[in-house]
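Q: Sequence:
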Amino acid sequence: MEHEHEHTHTHSHGGVEHNHTHSHAHSHDHGEAHDHAHGAAAGAEDIAVLRYMLDHNVHHCAELKELAEKLSGEAQHQLLHAIEDFEASNGHLAQVVELLSK
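In this text, residue positions in the sequence shown follow the numbering used here: the first is 112, and each later residue adds one.
It should be emphasised that the hints constitute simulated quantities derived from the structure, not laboratory data. Accuracy of the hints is not assured; some may be wrong.
[Unchecked claim] Just the calculated beta-carbon pair ranges, DEER-fashion:
{"hint": "1", "residue 1": "G184", "residue 2": "A159", "range": "33 to 43 Å"}
{"hint": "2", "residue 1": "R162", "residue 2": "H192", "range": "25 to 35 Å"}
{"hint": "3", "residue 1": "K213", "residue 2": "M164", "range": "16 to 26 Å"}
{"hint": "4", "residue 1": "G184", "residue 2": "A205", "range": "30 to 40 Å"}
{"hint": "5", "residue 1": "Q206", "residue 2": "G154", "range": "33 to 43 Å"}
{"hint": "6", "residue 1": "H188", "residue 2": "A155", "range": "36 to 46 Å"}
{"hint": "7", "residue 1": "K181", "residue 2": "A153", "range": "35 to 45 Å"}
Virtual Cβ for every residue (Gly too), placed ideally from N, Cα, C.
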């Protein structure tokens, strides 16, 4: 099933703040049954892997920020969008780690 998610966010480039609306298409195959086991227990190894991946992603995000400082124009603009998405994903991963660590 094809559908879109739209969101608006504000960010700044070089001290100039502006808004963007993005629409992201997603396709989900609902032909097969699948289980979303809410509250499923994760083991210590799973949590350790998630923490490692989060730390690894944070490091890569920092590297991308350094690279963005060297770019200009549309390439810099698009990389800054990618960094925003990366940071949002890292926020979700951090929430998962926090939830599973309780």
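Q: For every hint, state whether the structure bears it out.
A: Going down the list of hints, with the structure as the test:
1. G184 x A159: 33 to 43 Å: Holds, since G184 and A159 (Cβ atoms, about 41 Å apart) stay within the stated range.
2. R162 x H192: 25 to 35 Å: 26 Å, holds
3. K213 x M164: 16 to 26 Å: Taking Cβ atoms as reference, K213 and M164 lie about 19 Å apart, which means the hint holds.
4. G184 x A205: 30 to 40 Å: Holds, at about 32 Å.
5. Q206 x G154: 33 to 43 Å: Given range 33 to 43 Å: violated, Cβ gap about 19 Å.
6. H188 x A155: 36 to 46 Å: Cβ of H188 to Cβ of A155: about 42 Å, so the range 36 to 46 Å holds.
7. K181 x A153: 35 to 45 Å: 39 Å, holds
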